[in-house]
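Chemist: Sequence:
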Amino acid sequence: MVVMARLSRSERPDLVFEEEDLPYEEEIMRNQFSVKCWLRYIEFKQGAPKPRLNQLYERALKLLPCSYKLWYRYLKARRAQVKHRCVTDPAYEDVNNCHERAFVFMHKMPRLWLDYCQFLMDQGRVTHTRRTFDRALRALPITQHSRIWPLYLRFLRSHPLPETAVRGYRRFLKLSPESAEEYIEYLKSSDRLDEAAQRLATVVNDERFVSKAGKSNYQLWHELCDLISQNPDKVQSLNVDAIIRGGLTRFTDQLGKLWCSLADYYIRSGHFEKARDVYEEAIRTVMTVRDFTQVFDSYAQFEESMIAAKMETASELGREEDDDVDLELRLARFEQLIGRRPLLLNSVLLRQNPHHVHEWHKRVALHQGRPREIINTYTEAVQTVDPFKATGKPHTLWVAFAKFYEDNGQLDDARIILEKATKVSFKQVDDLASVWCECGELELRRENYDEALRLLRKATALPARRAEYFDGSEPVQNRVYKSLKVWSMLADLEESLGTFQSTKAVYDRILDLRIATPQIVINYAMFLEEHKYFEESFKA
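Letter 250 of the sequence shown, counting from 1, is numbered 250 in full-length UniProt numbering, and no numbers are missing.
Careful, some of the hints might be misleading.
[What the hints assert, rightly or not] Straight-line distance between alpha carbons at most 30 Å, and here's what the computed BS3-like set of lysine-lysine pairs gives: (1) Lys458 with Lys362; (2) Lys389 with Lys423; (3) Lys76 with Lys45; (4) Lys188 with Lys108; (5) Lys310 with Lys362; (6) Lys83 with Lys36; (7) Lys50 with Lys108.
These aren't lab readings, by the way, just hints derived from the structure by calculation.
Please read these numbers as outputs of a predicted model, since none were measured by experiment.
All chains should be modelled from the sequences, with the hints used to inform the complete structure.
Modeler: Put into structure tokens, the structure is as follows:
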């Protein structure tokens, strides 16, 4: 049964309600300012026609305009009522006006702002939506802005309005500077690479910045290098060369990638000679084989691409490739680069450890057939290698240097080299002993027997200051007189070239120094026996 009633002058006349509504109406008349009473009534009328339900909400909100629960449910219901209608339907404007009325009282409620903004986004009203977001940010305290910005940014990204989005992101970063990566990604996607590079450079230089994506400072730096090196025409505000070279001093374990990025920047800028200079500088300064391999492969690929481009140009112009001097020059340069690779790699290893004797010998071998380079390499090697830090036997460099002069008929130079070697402060006595033995062998090969004996006698002569063989605090020149290697060679020479007395004196001296080995004793005994000194041989 439908009942017509006049509840009060303040309410709308001729309200229509059914007989089963009477208990709720009576309860509201008794407690018209009770939110619970109105909510029970509204819950009961959920199945009623939409105008009846809206009228009930309006009655409640007229009496309780500051009730968040009523406004939230009412606005939610109104949005649901137009959900399946076309966005041009006038009903949408009625719902929008309803939200605007709500914010007269509910402007501090972020949930209502979010729902309204999402509702406007669904309508596609870009300007109205943007202004509503701005109103929400102005109305809410800053502590609640973090609830608005995610939806606001999603709205900005959903429309091809980069200028508006950039302005919005700049405001957002003032609230949340740690979200700079999100802004950088947006700038990249909208092809605003210059500002993206600026922001990324700021992030990289901020030691307090912590990446939300878990990226390390090096990863961000490498991302910056890729961005600026691959887009030289779009990144104009940064000094690319200075930035990448700054990275070379900060990230010494990734030099190869950074050098390649710098060269790539000049290649894309069309400065090919500058790129070649960068590659040359890189292969002469990198310290690891990994970095060298990266740079060299990139360098070789660059030269190949230049040759291919030149050949294609010549083909298009109808010129013979054999007549193109520039192309021949590029081919020769490429061949030279490939031929230099072993020497360049050797240089890397020597930069790692300049006291590595074996690598110096390999370097000499790489200069085979080029005497001037060999001499320069040996000179640099003997000046560079510190015997106390050397890996390998440093005396072999001096010996090989002298042997090179000897093989080329420059005996005086060979003798000078060996003489200098006898004055070097080697770490081990055996190194100096080997040098003295080589001095003797050099003279023996040239049949200068007397000179060989003189040199070995000089080596075994007592020094002005005697020292124990294993006393590391004394220079090896004061300890070499106890070297069994030198004495053994001297004994052999005396047996072959000297007299019985001189040979016997050498063996006696070896016994006096207490450096004789069982083999030396046996040799001495056999020597005495050969010369019929049987009693002496038994004493030995």
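Chemist: Give a verdict on every hint.
Modeler: Going down the list of hints, with the structure as the test:
1. Lys458 with Lys362: violated, 33 Å
2. Lys389 with Lys423: holds, 18 Å
3. Lys76 with Lys45: Holds: Lys76 and Lys45 sit about 16 Å apart, inside 30 Å.
4. Lys188 with Lys108: Distance of about 36 Å is beyond 30 Å: violated.
5. Lys310 with Lys362: violated, 37 Å
6. Lys83 with Lys36: Holds, because 28 Å separates the two Cα atoms, which is no more than 30 Å.
7. Lys50 with Lys108: holds, 28 Å
Of the numbered hints listed earlier, those contradicted by the structure are 1, 4, 5.
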